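So the sequences go chain by chain: Z and B. If you're matching positions, the first sequence starts at 25 in the numbering used here and goes up one per residue. If you're matching positions, the second sequence starts at 17 in the numbering used here and goes up one per residue.
Honestly, I wouldn't trust all of these hints.
Said to hold, decoys possible - With a straight-line cut-off of 20 Å between C-alpha atoms, the simulated EDC-like cross-links for lysine to aspartate or glutamate are:
(1) 372(Z) - 587(Z)
(2) 153(Z) - 178(Z)
(3) 330(B) - 161(Z)
(4) 608(Z) - 561(Z)
(5) 372(Z) - 389(Z)
(6) 330(B) - 572(Z)
Hint data in this document are derived by calculation from the structure and do not stem from the laboratory. Here the structure is a predicted model, which means the values were calculated and not measured.
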Amino acid sequence: MAMPQRLPIIVFALLMAAIPFIPGMPPFWIVLLDNIGLSALVAMGLVLLTGVGGLTSFGQAAFCGFGAYTTAVLTTAWGMSPWLTLPLSLVVSGVAAVALGLVTVRLSGHYLPLGTIAWGIGLFYLFSKLEFLGRNDGISSIPPLAIGSLRMVDPGTIYFAIWIAVLVAALLTMNLLDSRTGRAIRALRRGHIAAEAFGVQTPRAKLLVFIYAAVLAGLSGWLYAHFERAVNPTPFGAQAGIEYLFIAVVGGAGYVWGGVLGAAIVVILKEILQSYLPYLFHGEGQLETIVFGILLVGLLQLAPTGVWPWLMSRLPIKPRRNRPDTSLALPARPRTAASRGVLLHVDKARKQFGGVIAVNNVSFDVQAREIVALIGPNGAGKSTTFNLITGVLTKSGGTISVLGRNIDNAPPQQVVKLGIARTFQHVKLVPDMSVLENVAIGAHLRGRAGAISSMLRIDRADEAKLLAEAARQIERVGLAAQIDQLAGSLSLGQQRIVEIARALCVDPMLLLLDEPAAGLRHMEKQQLASLLRQLRDGGMSVLLVEHDMGFVMDLADRIVVLDFGTKIAEGTPDAITTNPDVIKAYLGAVS
Amino acid sequence: MLFLVQDGITNGAIYALLGLALVLVFAVTRVILIPQGEFVTYGALTYASLSAGHVPGTARLAVAMGLVAFGLDLFAGRRSLHWRLVARAVAVDIMLPAAILAGTVWLAGHHGAVAFNIALSLLIVAAIGLFLYRIAFQPIAHTSVLVLLIASVGCHLAMQGFGLVFFGAEGQRGPPLSDTAFSVGPLRFTGQSIAVYLITVALIVGLWLFFGYTLTGKALRATAVNRLGARLVGIRTTLSGQLAFLMAAVIGAISGILIVPITTLYYDTGFLIGLKGFIAAIIGGLVSYPLTAVAALVVGTVEAFSSFYASNFKEVIVFTLILPVLVLRSLAAPAVEEEKD
């Protein structure tokens, strides 16, 4: 079943395996391919870190340094076998990544790349000043890799070690991305609020990709040390760190194979420039960096997303997608039975932003099996109230309790565990993920497979159930025809419905919908209303913010009206329509 | 001890200038300007070459970049070629660098005064800065910070390569702005270090006035906050970007001219100096000018002390200085959502 998807990789692997046996293959080309493989490993980590996770790092070369120096010291000074130092190299890179990651991954936006430049350079100077690392001269006469009597001394034999590492890393990375953990990672780049609302521990996910990228870089460093049989600080400096990021961006930062392609482009380009430019320009120095820099700027102007996606969009074949088997079912979330009584109790909730009181001592209840609408003019504090309930914002005062339990400033990941799922006023989907994958994020907490089992593909039973649940919810909201489309290609109204499907994947007892009907056509609104009624009759409660009065009056059991952060009325739709305060708030004072 | 502080403040003042330029460019264009260091070396070495009576290659580079910019301007405006557009392109992209080159060639034969050399160096680097934005960044101004950053790295590599071609691998020094020197207690002040302090303070105050009180300054800030919004109210965002780069280039060149009499500069020295400016800029959060200036003084002082007490680990200390700052920033990081891409 999975064969057609893996076919290109198998062809690629066979092709790479055949290359050294081509008669008359110049050894120089094999060295070039070795270098491409070494760079590709680091770039692949960066693809995951930067292209997918949105964390830009200039410091990957330093992690190569950790891997390379670890094995260099242990094999030369302690006489250990290179195979024994492999896990140690990876561990050292990983531990360094934890230490640096704890500091850096929480940084937002542009602090992160700048921070990584800084510690990248700091570590480079550390490598070149420490006595036991040989200062600027580094460490030489590192033993080669050996299996029995086969010593991988020449570039043609270590070639296999390098490219096996590249292929295995690529497979593991692709497996990781196509899993529960992978979806959480892919959601990071678009901001953390949506992912956290479905239970993703975003700092942990960021740290995970940071460590993963560092370990790949460490692996590359370990291979490099036994390939060159010597290490010195130069290849682990800032320039190298910058170059790895290039490779990822040129190849296509969001694509695993983009890393490999980028490595090939950059390594070959540099080689060509270094060997041919001096002939053209009579050996004037440093011309290759000039041309290289200019070519890079030109390339970015032509294909800002990288070469790999540009190539793929020109291929006539499209990858086939497997339909999830909807007969598989996730166990329902354990819930405290509450067929009657108060589900959500908001008591004098208050939120102040500086001098502005966005929510002013608002109190209301949501009962079990009830649809409550929160209405009010723009700026009345409706979305802020939602954010207080779901833990996105911390409240300045008051209490919010669920089933009688106080959820005092619980983080979003805790709130969703209680069975409260939400949608957002401004749609927060991952536009370059399919509808199915986006909705499956909603079921994050109902799966348990971790990163390692995903990489090794022992998560498939768990994964199939998650996808089945997602597919069922998509069908339920009536978007089955769009299940494989990219979420970004849908109309805004449909994207809102996708958000509802994602929230339903939580198997919630309370659904918070922020303007679900905005952008929907009349028929679609009616379908949405009937879906919500059906959910209520099935035992779910709904709290919704909505501006379409026809929709609200028709649907809601009870309405709470806010104006300037204060509750001005509460009651049945009929009572609200005749309430003089509400009319005043909406239409202005009647003279 | 005191002389270390003094040394640190002199270095720190330069880092402050560079930090300010980086903040300026980032705020307006979202470009993290790695080639800022090249502006420093270009300014310094152009000044040194002029003082030695040579025609610096940077003047020719400015003409070449102007020609490319001219081509891009015509290509971008090909659908509505208006005589005013062409006239502007000719004036800015061709006449200006050509006039600068002519002035340089003429002056190189005459051993002109220091002031002329300085003015010419600034003009040359300013033109390069302007064209750099036009050529490398204007066509991709709408893309992500990451793509801009990589383009910025490409520019850094190309410019550093050009630097080697123009100025050679040898380090150079330039003549000081003034030869006066006096002592206060144990401290010795040279005219050069006084100039460093005065010009830094003047530039910081100038920038503050410019951004706080002039329409152009406010327009630049508006571009920084929201490109689309700025365009809708009639601010020409491409012009803002060009202006920001021009200012950054001039600030870089001034820093270079200020330090080249004190330290020997090589074609690749700028990168490290620029990075230390970065550290100051990061501490300042890439938005605050006063905080950046203070942070730069701290960076300079730490550098002076560590080069005295642990010179081997000077760079390690300076660059890891940022980690505690990052920790503080991450503890204080607000939980606001940022919309990326």
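- prompt: What are the numbers of the hints that this structure violates, sorted from low to high?
  reply: Hints 2, 4 and 6 are the ones this structure does not satisfy, whereas the remaining hints hold.
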